[in-house]
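Engineer: So the chains spell out like this:
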Amino acid sequence: MSLWADKHRPKDLLKVDYHKEQAENLKKLTQQGDFPHLLVYGPVGAGKKTRVMCLLKELYGPGVERLRMEQMTFTTPSNKKVEIMTVNSNYHIEVNPADVGIYDRIVIMDLIKTVAQSQQLDVNTQREFKVIVLTDVDELSKDAQHALRRTMEKYIGNCRLILCANSTSRVTAAIRSRCLSIRVPAPTNEEIISILQSTCKKEGLNLPTELALKIAEKSDRNLRKALLICEACKVEQYPFNINQEIPLPDWHVFINDMAKEIVKEQSIQKIATVRTNLYELIIHGIPNQLIFKTLLDELLKNCDVELKSKVVEHAAFYEHRMQHGNKHIFHFEAFIARFMCLYKKFIEDVTSGF
Amino acid sequence: MSGSKRWIAFNFDQKETKDAPKKIKKPVATKSVVAVPNEKLKSFKFFDKIDPKNIEDLAVHAKKIKEVEEWLDANVINPTTKVNVPMLLLTGPTGAGKTTVVKVLCQCKNIDIQEWINPIDKDFETFKGPGQSVRLQEFLTESKFPSLLTKASTKKKVTLIEDFPNTLLKNTNEFEGILDNCLANGKTCLIFICTEVHNNKVDIAKNLFTEEIKDKFNICNINFNSCSVTLLKNALNRAQNIVKENLDILKLPRPKIIEAIIATAMGDIRCAVNQYYFASLKGASEIPLELSKLEKTGQKRKRVDKNSKVKSMNKDEALGLFHGLGKVFNPKRDDNNKVQCDFDALVDEFSTVPNIFNAFLFENYTKYFGDINDIFEAADTLSFSQTFMDKWSERHDTLIIPLWISVLGLMISNKHRVSKWIPINGPKKIDIKSRNNLEMRHLAVGDQSYYNLITKSEKYHKFKYLR
Numbered sequence: 024m025s026l027w028a029d030k031h032r033p034k035d036l037l038k039v040d041y042h043k044e045q046a047e048n049l050k051k052l053t054q055q056g057d058f059p060h061l062l063v064y065g066p067v068g069a070g071k072k073t074r075v076m077c078l079l080k081e082l083y084g085p086g087v088e089r090l091r092m093e094q095m096t097f098t099t100p101s102n103k104k105v106e107i108m109t110v111n112s113n114y115h116i117e118v119n120p121a122d123v124g125i126y127d128r129i130v131i132m133d134l135i136k137t138v139a140q141s142q143q144l145d146v147n148t149q150r151e152f153k154v155i156v157l158t159d160v161d162e163l164s165k166d167a168q169h170a171l172r173r174t175m176e177k178y179i180g181n182c183r184l185i186l187c188a189n190s191t192s193r194v195t196a197a198i199r200s201r202c203l204s205i206r207v208p209a210p211t212n213e214e215i216i217s218i219l220q221s222t223c224k225k226e227g228l229n230l231p232t233e234l235a236l237k238i239a240e241k242s243d244r245n246l247r248k249a250l251l252i253c254e255a256c257k258v259e260q261y262p263f264n265i266n267q268e269i270p271l272p273d274w275h276v277f278i279n280d281m282a283k284e285i286v287k288e289q290s291i292q293k294i295a296t297v298r299t300n301l302y303e304l305i306i307h308g309i310p311n312q313l314i315f316k317t318l319l320d321e322l323l324k325n326c327d328v329e330l331k332s333k334v335v336e337h338a339a340f341y342e343h344r345m346q347h348g349n350k351h352i353f354h355f356e357a358f359i360a361r362f363m364c365l366y367k368k369f370i371e372d373v374t375s376g377f
Numbered sequence: 040m041s042g043s044k045r046w047i048a049f050n051f052d053q054k055e056t057k058d059a060p061k062k063i064k065k066p067v068a069t070k071s072v073v074a075v076p077n078e079k080l081k082s083f084k085f086f087d088k089i090d091p092k093n094i095e096d097l098a099v100h101a102k103k104i105k106e107v108e109e110w111l112d113a114n115v116i117n118p119t120t121k122v123n124v125p126m127l128l129l130t131g132p133t134g135a136g137k138t139t140v141v142k143v144l145c146q147c148k149n150i151d152i153q154e155w156i157n158p159i160d161k162d163f164e165t166f167k168g169p170g171q172s173v174r175l176q177e178f179l180t181e182s183k184f185p186s187l188l189t190k191a192s193t194k195k196k197v198t199l200i201e202d203f204p205n206t207l208l209k210n211t212n213e214f215e216g217i218l219d220n221c222l223a224n225g226k227t228c229l230i231f232i233c234t235e236v237h238n239n240k241v242d243i244a245k246n247l248f249t250e251e252i253k254d255k256f257n258i259c260n261i262n263f264n265s266c267s268v269t270l271l272k273n274a275l276n277r278a279q280n281i282v283k284e285n286l287d288i289l290k291l292p293r294p295k296i297i298e299a300i301i302a303t304a305m306g307d308i309r310c311a312v313n314q315y316y317f318a319s320l321k322g323a324s325e326i327p328l329e330l331s332k333l334e335k336t337g338q339k340r341k342r343v344d345k346n347s348k349v350k351s352m353n354k355d356e357a358l359g360l361f362h363g364l365g366k367v368f369n370p371k372r373d374d375n376n377k378v379q380c381d382f383d384a385l386v387d388e389f390s391t392v393p394n395i396f397n398a399f400l401f402e403n404y405t406k407y408f409g410d411i412n413d414i415f416e417a418a419d420t421l422s423f424s425q426t427f428m429d430k431w432s433e434r435h436d437t438l439i440i441p442l443w444i445s446v447l448g449l450m451i452s453n454k455h456r457v458s459k460w461i462p463i464n465g466p467k468k469i470d471i472k473s474r475n476n477l478e479m480r481h482l483a484v485g486d487q488s489y490y491n492l493i494t495k496s497e498k499y500h501k502f503k504y505l506r
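Protein chains in written order, with the numbering used here: chain A, 24 to 377; chain B, 40 to 506.
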């Protein structure tokens with residue numbers, strides 16, 4: 024069973040629904056013999072991967088769509104085995120090196136080396152380079168990024184890199200300057216609405232514009248999410264009703280509960296329970312920024328203006344620290360402890376006024 | 040007084056003439072550095088006298104001695120078991136008296152000791168001779184060279200192994216092979232002596248003598264504790280008596296110094312005796328003592344006045360993980376509510392890797408705090424130090440600094456300490472599973488719950504808030 028988001032994914036650069044001019048430029052790019060390293064960046068669900076796959080198809084033909092999963096094993100200098108899943112076709116390989124955490128450097132160095140050392144099967148009819156797609160490049164450690172820079176220079180002869188990232192701020196300048204940067208902005212709400220409606224039409228459904236607008240607003244301009252919400256709505260209730268409830272993801276409900284608990288009681292025991300719950304989120308791979316932002320939003324609903332500014336200030340402070348480290352739980356807890364102190368004082372001040 | 044602090048000059052002439060001018064009949068060699076101008080002094084061997092000759096003199100708990108004695112009786116004197124080569128393993132910290140117990144007991148029981156000492160490898164380079172471990176095996180199995188010193192061949196014999204060839208630590212299987220061979224061809228019983236060390240990599244007792252090996256070869260393990268204060272005192276009393284008999288060469292150290300020596304030796308008898316000998320040497324200046332700043336509270340009368348320490352004797356004390364955590368979580372405060380602790384010394388004493396220690400601190404600190412405002416301060420410091428931990432992860436030597444920050448922050452901010460027994464939890468391991476499904480690889484973790492909704496399945500994890 025394939026999801027709408029995968030089923031109706033455009034397969035050709037000319038068939039994408041928005042950023043058409045950019046798509047044309049990308050098509051022109053492939054028609055030259057050579058091809059630069061690319062850094063594709065933009066928010067989640069804006070269509071980066073879709074464009075990358077279209078681009079690869081443009082380069083190598085339909086052969087890139089025959090994908091297979093493969094597990095690769097690398098050995099660290101300390102003899103630890105690191106395993107990582109890759110998605111391959113005959114012409115390209117796609118990896119998310121951030122999956123292996125601190126061993127990402129090894130994966131990057133060894134992977135590029137092995138790929139670069141194997142030549143294309145038929146040089147005459149094919150491009151003379153292979154493509155390596157690295158996702159979540161902004162999650163890479165500094166070490167890995169330096170390693171990436173060196174290997175990029177060394178093996179430029181027979182492989183090209185396409186890097187995907189959400190933001191360039193965590194990609195080192197050295198890498199940025201070696202790539203052609205392509206920004207894929209998120210679609211506007213209108214674009215999302217039209218895509219939702221056209222998708223529903225393809226599925227033989229009728230989506231009222233009001234509901235489409237509601238879904239688009241809920242999706243934070245994340246097209247993939249919008250399509251998933253839409254499909255979930257259809258499963259819940261069809262024919263669609265304009266006042267139909269739009270489901271929240273369960274982790275979001277989870278964070279809402281957590282925020283309620285924090286506001287309800289400020290104590291040491293609460294900090295401990297919040298910590299175990301945070302671990303639950305982190306272990307199951309909910310991105311840390313997402314947790315932080317959602318939690319902050321929920322907490323701010325309970326603050327007055329003066330307190331809000333203070334809380335946001337501290338949130339920014341700890342979020343910044345979090346970006347610099349690997350152990351995010353330390354900074355989460357510091358923020359929550361800080362919030363509890365501020366909020367407790369706030370409540371005490373309010374009640375003592377009477 | 041700056042005199043005692045300065046390095047002692049190489050020239051002893053001046054001092055000798057000052058302190059004991061009359062004893063020197065004729066300076067043997069004025070240029071010689073050795074401070075043994077007296078012939079009588081030359082022949083005096085303090086350590087020969089202090090070495091215990093009988094069981095009563097041993098500074099080891101009587102029960103331990105008995106254990107070893109019983110083993111010797113059962114396996115060497117009247118072998119009751121049919122094991123060809125009985126083996127005994129003695130473990131314990133340095134200076135607990137392991138070797139001495141064996142030597143004294145064997146002397147009393149009229150047992151010969153032959154000891155293995157690692158040969159120097161110089162032959163190996165020139166002649167490509169056998170390696171140390173091969174030679175150890177030869178030594179143990181083929182008694183090629185019967186000792187010339189053995190008085191009667193009928194005498195009972197034990198083999199003492201305190202020195203282990205270094206290669207054995209790397210390939211522990213080789214050791215098993217050697218023991219196998221011993222069991223088949225060996226003649227005398229074996230006594231292994233291992234010193235406890237904190238570094239796991241060079242811990243012979245742990246690496247070579249695993250539980251399997253102990254079971255397989257039926258090795259009896261006797262663990263020695265470090266020397267108790269009373270036993271140390273008795274030993275030094277004996278030394279005191281020796282000095283009293285030889286007051287012409289030695290002098291009696293002040294009682295205060297003896298107390299300090301006992302306090303600093305930390306159960307190491309060898310260290311204590313050596314230090315005592317230094318203190319009793321004539322001509323040497325008094326051992327500098329380090330008085331700790333703590334003033335006597337006078338609540339309890341301690342057996343040893345621990346406030347003074349011998350300066351030159353400070354050992355590198357290593358705190359185990361739990362001991363270290365306890366020290367950080369339960370800071371001592373004086374009447375003015377100031378934390379009493381030498382932070383530098385404390386952090387240096389931790390034997391755990393800094394980032395692991397920090398993780399343990401984080402996992403457990405909340406339970407020791409009694410006030411939410413304190414928690415906030417502590418959490419902030421931990422978050423601060425963690426940023427350094429992450430940044431400097433490649434440089435292990437600098438990791439001590441963020442750890443220092445954490446420790447300091449936790450100890451200072453813990454103003455309302457909870458004191459009760461609290462179990463320590465290990466740090467949580469965060470192991471994020473990677474997606475390994477070709478079809479669903481575009482599905483972000485945050486969107487997985489929609490997949491569950493759409494397919495009405497529970498393929499992905501469902502979050503449930505725990506209260």
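Calculated directly from the structure, the hints in this document are not laboratory data. Using N, Cα and C, we set each Cβ at its ideal position, and we do this for glycine too. Incorrect hints may appear among the rest.
[What the hints assert, rightly or not] Heads up, simulated PhoX-like pairs for lysine-lysine below, C-alpha to C-alpha not over 20 Å straight-line: (1) 503(B) x 283(A); (2) 367(A) x 92(B); (3) 272(B) x 253(B); (4) 209(B) x 30(A); (5) 366(B) x 92(B); (6) 142(B) x 88(B); (7) 295(B) x 293(A).
[Claimed, not checked] Here's a subset of chain B near chain A, in silico, CB distances under 8 Å, partners left out: (8) 412; (9) 415; (10) 437; (11) 464; (12) 498; (13) 502; (14) 505.
Engineer: The structure should be examined with respect to each hint, and the outcome stated for every one.
Structural biologist: Hints versus structure:
1. 503(B) x 283(A): Within the cut-off at roughly 14 Å; holds.
2. 367(A) x 92(B): Roughly 72 Å separates the two Cα atoms, so the pair is violated.
3. 272(B) x 253(B): Violated, because 35 Å separates the two Cα atoms, which is more than 20 Å.
4. 209(B) x 30(A): violated, 57 Å
5. 366(B) x 92(B): violated, 42 Å
6. 142(B) x 88(B): Distance ~15 Å between residue 142(B) and residue 88(B) Cα, so the pair holds.
7. 295(B) x 293(A): Not satisfied, since the Cα-Cα distance of roughly 53 Å exceeds 20 Å.
8. 412: Holds: closest Cβ of chain A sits about 6 Å from residue 412(B), inside 8 Å.
9. 415: holds, 4 Å
10. 437: Cβ of residue 437(B) sits 16 Å from chain A, so the hint is violated.
11. 464: Where the cut-off is 8 Å and the nearest Cβ of chain A is about 10 Å from residue 464(B), the hint is violated.
12. 498: Status violated, d = 11 Å.
13. 502: With a minimum Cβ separation of about 4 Å from chain A (threshold 8 Å), the hint on residue 502(B) holds.
14. 505: Check passed: Cβ of residue 505(B) comes within 6 Å of chain A, closer than 8 Å.
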